[in-house]
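Student: Given two chains presented individually in distinct reference frames, assemble the corresponding complex, making use of the accompanying hints.
Top line first, the protein sequences correspond to chains A and B.
With this note's numbering, the residue at position 97 of the first sequence is 97, and numbering never jumps.
With this note's numbering, the residue at position 50 of the second sequence is 164, and numbering never jumps.
Calculated from the structure, these hints are not laboratory results.
Heads up, the beta-carbon is just placed ideally off N, CA and C, and yes, glycines get one too.
Label-pair restraints from in silico Cβ distances:
{"hint": "1", "chain 1": "A", "residue 1": "GLY60", "chain 2": "B", "residue 2": "GLY130", "range": "44 to 54 Å"}
{"hint": "2", "chain 1": "B", "residue 1": "GLY130", "chain 2": "A", "residue 2": "GLY41", "range": "25 to 35 Å"}
{"hint": "3", "chain 1": "A", "residue 1": "SER53", "chain 2": "B", "residue 2": "GLU209", "range": "17 to 27 Å"}
{"hint": "4", "chain 1": "B", "residue 1": "GLU170", "chain 2": "A", "residue 2": "GLU15", "range": "39 to 49 Å"}
{"hint": "5", "chain 1": "B", "residue 1": "TYR119", "chain 2": "A", "residue 2": "HIS76", "range": "29 to 39 Å"}
{"hint": "6", "chain 1": "A", "residue 1": "ASN18", "chain 2": "B", "residue 2": "GLU209", "range": "26 to 36 Å"}
No farther apart than 30 Å at their CA atoms in a straight line, the calculated lysine-lysine pairs in the DSSO-like style are these:
{"hint": "7", "chain 1": "A", "residue 1": "LYS71", "chain 2": "B", "residue 2": "LYS171"}
{"hint": "8", "chain 1": "B", "residue 1": "LYS171", "chain 2": "A", "residue 2": "LYS1"}
{"hint": "9", "chain 1": "A", "residue 1": "LYS1", "chain 2": "A", "residue 2": "LYS71"}
{"hint": "10", "chain 1": "A", "residue 1": "LYS1", "chain 2": "A", "residue 2": "LYS57"}
{"hint": "11", "chain 1": "B", "residue 1": "LYS171", "chain 2": "B", "residue 2": "LYS131"}
{"hint": "12", "chain 1": "A", "residue 1": "LYS71", "chain 2": "A", "residue 2": "LYS57"}
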Amino acid sequence: KNQVEQSPQSLIILEGKNCTLQCNYTVSPFSNLRWYKQDTGRGPVSLTIMTFSENTKSNGRYTATLDADTKQSSLHITASQLSDSASYICVVSDRGSTLGRLYFGRGTQLTVWP
Amino acid sequence: EADIYQTPRYLVIGTGKKITLECSQTMGHDKMYWYQQDPGMELHLIHYSYGVNSTEKGDLSSESTVSRIRTEHFPLTLESARPSHTSQYLCASSEGLTGNFSYEQYFGPGTRLTVT
Numbered sequence: 001k002n003q004v005e006q007s008p009q010s011l012i013i014l015e016g017k018n019c020t021l022q023c024n025y026t027v028s029p030f031s032n033l034r035w036y037k038q039d040t041g042r043g044p045v046s047l048t049i050m051t052f053s054e055n056t057k058s059n060g061r062y063t064a065t066l067d068a069d070t071k072q073s074s075l076h077i078t079a080s081q082l083s084d085s086a087s088y089i090c091v092v093s094d095r096g097s098t099l100g101r102l103y104f105g106r107g108t109q110l111t112v113w114p
Numbered sequence: 115e116a117d118i119y120q121t122p123r124y125l126v127i128g129t130g131k132k133i134t135l136e137c138s139q140t141m142g143h144d145k146m147y148w149y150q151q152d153p154g155m156e157l158h159l160i161h162y163s164y165g166v167n168s169t170e171k172g173d174l175s176s177e178s179t180v181s182r183i184r185t186e187h188f189p190l191t192l193e194s195a196r197p198s199h200t201s202q203y204l205c206a207s208s209e210g211l212t213g214n215f216s217y218e219q220y221f222g223p224g225t226r227l228t229v230t
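Bound conformation, chain B alone (with noise of 0.2 Å):
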């Protein structure tokens, strides 16, 4: 088992507040990747990460950011949380080469973000 984490699991809150969702994994991995599920919808690349203090955005728009200050760190934050943000939100890290999607790719077990 992969071993990247996720904080918290589930996630109710207000419209309007402020938000950060936790991810580690503590694999070495230089590449780390958020993605967005929605019931029975494919996953969507929202951010991914090559090493430390490189972030990108990904295929599908969204008004989160990214930070990666350290190897094994690499939350996301939602400034203004709208319901419209109500999602599950999956980790996940990888080896490989820079600009190389091609190795595997483990996730973590996902934050499922409510907000009212």
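Okay, chain A solo, but in the shape it has when bound (with noise of 0.2 Å):
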């Protein structure tokens, strides 16, 4: 069964720390991995998209890796902002015969206090 588990389910960190979130997924045959920044009450933000070749990709503070042979990606913020505060998603493409799909994770809370 194609899956995409998170954790952890949620995280508290002070401004100015480092995080790193993770992602396992079950999604064969692979097409490609996203990571979307939802804020709260609006719609996903694409940060990164990674291909099976590449294993990693930075967008600001925001660096993401993937580990194809182990399916295992991670999302790390450095110097977190308190606008960091919103839900991270990973989600994975196939690339099934006829229709390639989405398959989305619960998220990672992540809260940025001052």
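Tutor: So, in structure tokens, the structure goes:
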């Protein structure tokens, strides 16, 4: 069964600290993996997208890694800011025979305290 | 920021009412999607469209219906709302070949629906 599991479910950190969010998936055949940021009451916004051949990608203070062999990804946030408080969703796309699909994790709810 | 819009942003209605959630995009994308999301849960695909006059049901069974008469417009309708329909509804669009979900999906801000 194709699944995307994220951990931790929630995380509280102090402003200025770093944190790492985890994503494990069983989606096969794999096409790409994306990290989205979803602010409360808003739609998800893409942070990074990685294909099979990419093992790291950065977007400002966000750095995503991908290990396609172990089917794991992480999102590292550096020098956190209050505006980083949001849900971070890992999304994996497959490349099935006629219809690739997106598989969503439940997200990690990050809260940054001053 | 993506040019995809949803109205209303918030809606509180009574049981049995008919409602239409609007979604429009100005990017010329052929593919559009509707997702349902409950608090703390993953997004579930309920409808998608490859283009004008094309609509398909998604993974999650839904009593809602959709239409795609124009490329930029993908409304979702509930003929008779019930409390079980209370949820957040997110619309998205993407480029890409028919049958391929691998392209970037751009999401609207969502509609928070509450049925009393």
